[in-house]
Amino acid sequence: AGAKHVYAVDNSDMADTARQIIKANGFEDVITVYKAQVEDIVLPVDTVDCIVSEWMGYCLLYEAMFDSIIFARDKWLAPGGMLLPDKAGVYLTAIEDAKYKEEKINFWDRVYGFNMSCVKGAAMFEPLVDTVDPNQICTSTATLWEVDLLTVTQAEMRFENKFELTALRNDYIHAFVAWFEVGFTQGHKEIWLSTSPRERSTHWRQTVVYLHDELTVRQGEKVTGELRVTPTKRNKRHLDFRLKYAFDGEAVNGQKGATVNATHFYSMR
Numbered sequence: 001a002g003a004k005h006v007y008a009v010d011n012s013d014m015a016d017t018a019r020q021i022i023k024a025n026g027f028e029d030v031i032t033v034y035k036a037q038v039e040d041i042v043l044p045v046d047t048v049d050c051i052v053s054e055w056m057g058y059c060l061l062y063e064a065m066f067d068s069i070i071f072a073r074d075k076w077l078a079p080g081g082m083l084l085p086d087k088a089g090v091y092l093t094a095i096e097d098a099k100y101k102e103e104k105i106n107f108w109d110r111v112y113g114f115n116m117s118c119v120k121g122a123a124m125f126e127p128l129v130d131t132v133d134p135n136q137i138c139t140s141t142a143t144l145w146e147v148d149l150l151t152v153t154q155a156e157m158r159f160e161n162k163f164e165l166t167a168l169r170n171d172y173i174h175a176f177v178a179w180f181e182v183g184f185t186q187g188h189k190e191i192w193l194s195t196s197p198r199e200r201s202t203h204w205r206q207t208v209v210y211l212h213d214e215l216t217v218r219q220g221e222k223v224t225g226e227l228r229v230t231p232t233k234r235n236k237r238h239l240d241f242r243l244k245y246a247f248d249g250e251a252v253n254g255q256k257g258a259t260v261n262a263t264h265f266y267s268m269r
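Here this note's numbering is used: the first residue of the sequence shown is 1, the next is one more, and so on.
Since the hints were derived computationally from the structure, they do not count as laboratory data. Warning: the hint list may mix true and false statements.
[Stated by the list, open to error] Keeping only pairs whose Cα atoms sit at most 27 angstroms apart, straight-line, the calculated BS3-like set for lysine-lysine is: (1) Lys101 x Lys120; (2) Lys236 x Lys222; (3) Lys4 x Lys189; (4) Lys244 x Lys162; (5) Lys87 x Lys189; (6) Lys120 x Lys23; (7) Lys87 x Lys104; (8) Lys101 x Lys256; (9) Lys222 x Lys101; (10) Lys233 x Lys120; (11) Lys75 x Lys99; (12) Lys222 x Lys99; (13) Lys101 x Lys4; (14) Lys23 x Lys35.
[Claimed, not checked] The calculated label-pair distances, taken between Cβ atoms and stated as ranges, are: (15) Ser194 x Leu168: 14 to 22 angstroms; (16) Gly254 x Asp74: 48 to 56 angstroms; (17) Ala98 x Glu156: 35 to 43 angstroms; (18) Met14 x Met116: 37 to 45 angstroms; (19) Asp148 x Asp109: 45 to 53 angstroms; (20) Lys35 x Leu168: 32 to 40 angstroms.
Just so you know, even glycine gets a beta-carbon here, dropped at the ideal spot from N, CA and C.
Could you build all of it, start to finish, from the sequences and the hints given here?
See the structure below:
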């Protein structure tokens, strides 16, 4: 059992290390390493039966390498071949996080007696990548984007979708949290890798976007909105976020009966 031949592609010095490991273990006749970008290599075969790649980034798409996987898929993957993973999705929930927001963001309102509130915008502009305590989650989960990686195109590797979150208890909302899951569904048994805050922590953690408002929610109240995530114009591996959210419930920024309908921009660079 096993692959007839493996072609490994990496455009870093790790390719040299891989060659040494392969030689030390006697696999030089079945594993060929290419130190190059996949777009630049020439394989000695017309098709391959399986493509395996760990291309995912923060919030799935940050610094993601899936454009290279699309190239390899369309050029070499045989009809009926396996792509690992072959499914992906991005999901959203909301959390209470007064402690972090007070210490890291509202801190700038008064720094040793000085008003430095102009820094708050910069502090909030970049989403935070961190491990979220599942006990902070106070709403339902919304599906932002689900995709079949066997058919998706590069132009579709972005999303702009609406969401609705329902409060699970009386609490405060300070931030939205996004995470991804990828699926390996072409084998005999489906396997899913989740980066949800309710699952075992991974190095991808979760992506946290802090709101400019504090929402006071009662159980059953809803927050609606829309999240757009696209590659930046200057660097396709970086991400721009546009977040819209609306709330008409218990209170906004401590004002009972107030409403909010806001749009804010963030960037992962």
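key: Hint check against the structure, violated hint numbers in rising order   = 2, 6, 7, 11, 13, 20
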